[in-house]
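Protein chains: 2
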Amino acid sequence: MIIDVHGHYTTAPKALEDWRNRQIAGIKDPSVKPKASDLKISDDQIKKTLEDNQLKHMKERGLDLVIFSPRASFMAHHVGDFQVSSTWAAICNELCYRVSLLFPDHFVPAAMLPQSAGADPETCIPEIVKCVEEYGCVAVNLNPDPSGGHWTSPPLTDRHWYPIYEKLVEYDVPAMIHVSTSSNACFHTTGAHYINADTTAFMQLVQGDLFKDFPSLRFVIPHGGGAVPYHWGRYRGLAQELKKPLLTEHLLKNVYFDTCVYHQPGMDLLTKVVPAENILFASEMIGAVRGVDPETGRYYDDTKSYLEASTELTPAQKRRIYESNARRVYPRLDAALKKKGK
Amino acid sequence: MIIDVHGHYTTAPKALEDWRNRQIAGIKDPSVKPKASDLKISDDQIKKTLEDNQLKHMKERGLDLVIFSPRASFMAHHVGDFQVSSTWAAICNELCYRVSLLFPDHFVPAAMLPQSAGADPETCIPEIVKCVEEYGCVAVNLNPDPSGGHWTSPPLTDRHWYPIYEKLVEYDVPAMIHVSTSSNACFHTTGAHYINADTTAFMQLVQGDLFKDFPSLRFVIPHGGGAVPYHWGRYRGLAQELKKPLLTEHLLKNVYFDTCVYHQPGMDLLTKVVPAENILFASEMIGAVRGVDPETGRYYDDTKSYLEASTELTPAQKRRIYESNARRVYPRLDAALKKKGK
Numbered sequence: 001m002i003i004d005v006h007g008h009y010t011t012a013p014k015a016l017e018d019w020r021n022r023q024i025a026g027i028k029d030p031s032v033k034p035k036a037s038d039l040k041i042s043d044d045q046i047k048k049t050l051e052d053n054q055l056k057h058m059k060e061r062g063l064d065l066v067i068f069s070p071r072a073s074f075m076a077h078h079v080g081d082f083q084v085s086s087t088w089a090a091i092c093n094e095l096c097y098r099v100s101l102l103f104p105d106h107f108v109p110a111a112m113l114p115q116s117a118g119a120d121p122e123t124c125i126p127e128i129v130k131c132v133e134e135y136g137c138v139a140v141n142l143n144p145d146p147s148g149g150h151w152t153s154p155p156l157t158d159r160h161w162y163p164i165y166e167k168l169v170e171y172d173v174p175a176m177i178h179v180s181t182s183s184n185a186c187f188h189t190t191g192a193h194y195i196n197a198d199t200t201a202f203m204q205l206v207q208g209d210l211f212k213d214f215p216s217l218r219f220v221i222p223h224g225g226g227a228v229p230y231h232w233g234r235y236r237g238l239a240q241e242l243k244k245p246l247l248t249e250h251l252l253k254n255v256y257f258d259t260c261v262y263h264q265p266g267m268d269l270l271t272k273v274v275p276a277e278n279i280l281f282a283s284e285m286i287g288a289v290r291g292v293d294p295e296t297g298r299y300y301d302d303t304k305s306y307l308e309a310s311t312e313l314t315p316a317q318k319r320r321i322y323e324s325n326a327r328r329v330y331p332r333l334d335a336a337l338k339k340k341g342k
Numbered sequence: 001m002i003i004d005v006h007g008h009y010t011t012a013p014k015a016l017e018d019w020r021n022r023q024i025a026g027i028k029d030p031s032v033k034p035k036a037s038d039l040k041i042s043d044d045q046i047k048k049t050l051e052d053n054q055l056k057h058m059k060e061r062g063l064d065l066v067i068f069s070p071r072a073s074f075m076a077h078h079v080g081d082f083q084v085s086s087t088w089a090a091i092c093n094e095l096c097y098r099v100s101l102l103f104p105d106h107f108v109p110a111a112m113l114p115q116s117a118g119a120d121p122e123t124c125i126p127e128i129v130k131c132v133e134e135y136g137c138v139a140v141n142l143n144p145d146p147s148g149g150h151w152t153s154p155p156l157t158d159r160h161w162y163p164i165y166e167k168l169v170e171y172d173v174p175a176m177i178h179v180s181t182s183s184n185a186c187f188h189t190t191g192a193h194y195i196n197a198d199t200t201a202f203m204q205l206v207q208g209d210l211f212k213d214f215p216s217l218r219f220v221i222p223h224g225g226g227a228v229p230y231h232w233g234r235y236r237g238l239a240q241e242l243k244k245p246l247l248t249e250h251l252l253k254n255v256y257f258d259t260c261v262y263h264q265p266g267m268d269l270l271t272k273v274v275p276a277e278n279i280l281f282a283s284e285m286i287g288a289v290r291g292v293d294p295e296t297g298r299y300y301d302d303t304k305s306y307l308e309a310s311t312e313l314t315p316a317q318k319r320r321i322y323e324s325n326a327r328r329v330y331p332r333l334d335a336a337l338k339k340k341g342k
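Same order as they appear, the protein sequences are chains A and B. Read in order, the letters of the first sequence are residues 1 to 342 in my numbering. Read in order, the letters of the second sequence are residues 1 to 342 in my numbering.
Be a bit skeptical, because a hint or two may be false.
Repeated chains share a single entry, so a pair holds when one copy, or any two copies, can fit it.
What the hints assert, rightly or not - Pairs of lysine to aspartate or glutamate residues, derived as EDC-like cross-links and limited to a Cα-Cα distance of at most 16 Å, are as follows:
hint: 1; residue 1: Lys244; residue 2: Asp293
hint: 2; residue 1: Lys338; residue 2: Glu134
hint: 3; residue 1: Lys243; residue 2: Asp293
hint: 4; residue 1: Lys47; residue 2: Asp18
hint: 5; residue 1: Lys272; residue 2: Glu295
Source of the hints: derived by calculation from the structure; they are not laboratory data.
Assemble the whole structure, with the sequences as input and the hints as a guide.
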């Protein structure tokens, strides 16, 4: 079985974006603010957006299941206040839940959080409770920078974030550390902000001792861990200077990297440097890079093709990356699959 | 000949740091503000700081020459105003010039700029003129984020920066894109801010068309290009979506990566992905990562050892990375060497 731990509903019906634009307009002009019930998306519409897109690619590539969350760049936690984020998160999470009901064998939901720049993370708890208990979400996406590229929140190791961690530990649910759109002109969203956030989050964890307080908390760093595996020697050396244990001890019992790396040499580096136990298969399809690579004739985000071509990995390691690591890191996914006899 | 294009005077006598601390205290309390002439550092003191440190490692590793600039993390362009930065840059650049006079066969100076958050880059021109014309500087370090981790300046492709580019083009002097200390608690200076800045700068260049306006301008992206080579497929794919030419055409006539990557798999990736013509030997010794790697028994920043162990590179490619690329990218270095019959 091949589980892709990183998919977003990037192909949601246009009505969703239109509703969001009206919501944003309503921040300045309450008279145009839409009600949640104004958004009408039928099951058939949802089905079509997936059958024509993600499901088609999954079939072509032989992927079985995607952990599916709201579109990351649309989370935009820097827009409006907590109420705006709360309504928006509720709508987006419900849509992903509906996706999981329509295609229960292919999509399992993960939740975005109703974060808002400057708001107490505690305010996210009710949405986490609903998404895990009612929607069967197996993970959440945690945005370390709800300001959208201005980095005004404390580091992930700060007690500021502890209310969320306590809930995640209680539910045994991992968090993918994933920023949203950059509102800073210096940072291209998918070419700089995403990758920088991955690198930044990892280094925050190197500096801190978060997993002493939360030994069972698990973070997935997407996009192949940003710059981290490429600079693995730098991070080992910095941990050493900071008098931390070896990274394997200090972080790798709690931190995982996905495989959203869009060329063969990058994937080879990841699988050479990071233990296979810490790598989770993912493609972020259909996401940041949608084209076909003229050098290979395949989609850039067909990350399975790079893993298949790897000469580093044993068949047993590939199985771990494709399936068993995900079932270990996302125990609620494992439980749901076992319930179905899978 | 082996030229290291990325060295900083990280081992300067303690008097320099003391003077700087007094300067910073003087921002709030002008009565304690030191005069430039209060700083007393003798030639013998300078000699000792290099003989015991950089020169020792250079001899051990077989490096001939370092392009040597003021300590990057001490530039701290977010501290004080232009006057503060201007005095500080003048002092630091003069020290590196003195290093080059004391060890003319081993150190060639590069200049830090008197940038200041919010100040017009035009204000940097007199320091560039002095450093190139009087001190023989062969390059400058350009900080794309003088705010120190808040990223309040426009992207490098903005006309904001053009006065500096015009001067660099006039002098045929390249810029290394190098940030300084992070004043943002989210970003560890050498573990996140440096690497993020490299990635950010490259993506700004992908988005823009800067080298249409400045076809002969050359940028060196340090630290192995941040995350860029590891995500080369992502950047090729994003350039494609932005309807830009292939990266080889769009950027690689003007953009170079150094080899400050501190483990073998990272160096192997860099040399596999980026054409040898675009790679410049560097170690940033003695810099961010000063320890010995327990896995190899060698210093993390002994980047020559990784290049020597490379099975990818031909001897001719190694010579380019060690010497001829640097002489091409830094023509004033080449001219100075030729004058000495080298």
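Verification of the supplied hints:
1. Lys244 with Asp293: Result: close only across copies, 14 Å inter versus 41 Å intra.
2. Lys338 with Glu134: Classified as neither; 19 Å inside a copy, 74 Å across copies.
3. Lys243 with Asp293: For Lys243 and Asp293, the Cα distance is within 16 Å only across copies (14 Å; inside one copy 43 Å).
4. Lys47 with Asp18: neither (19 Å within a copy, 67 Å between copies)
5. Lys272 with Glu295: between (23 Å within a copy, 15 Å between copies)
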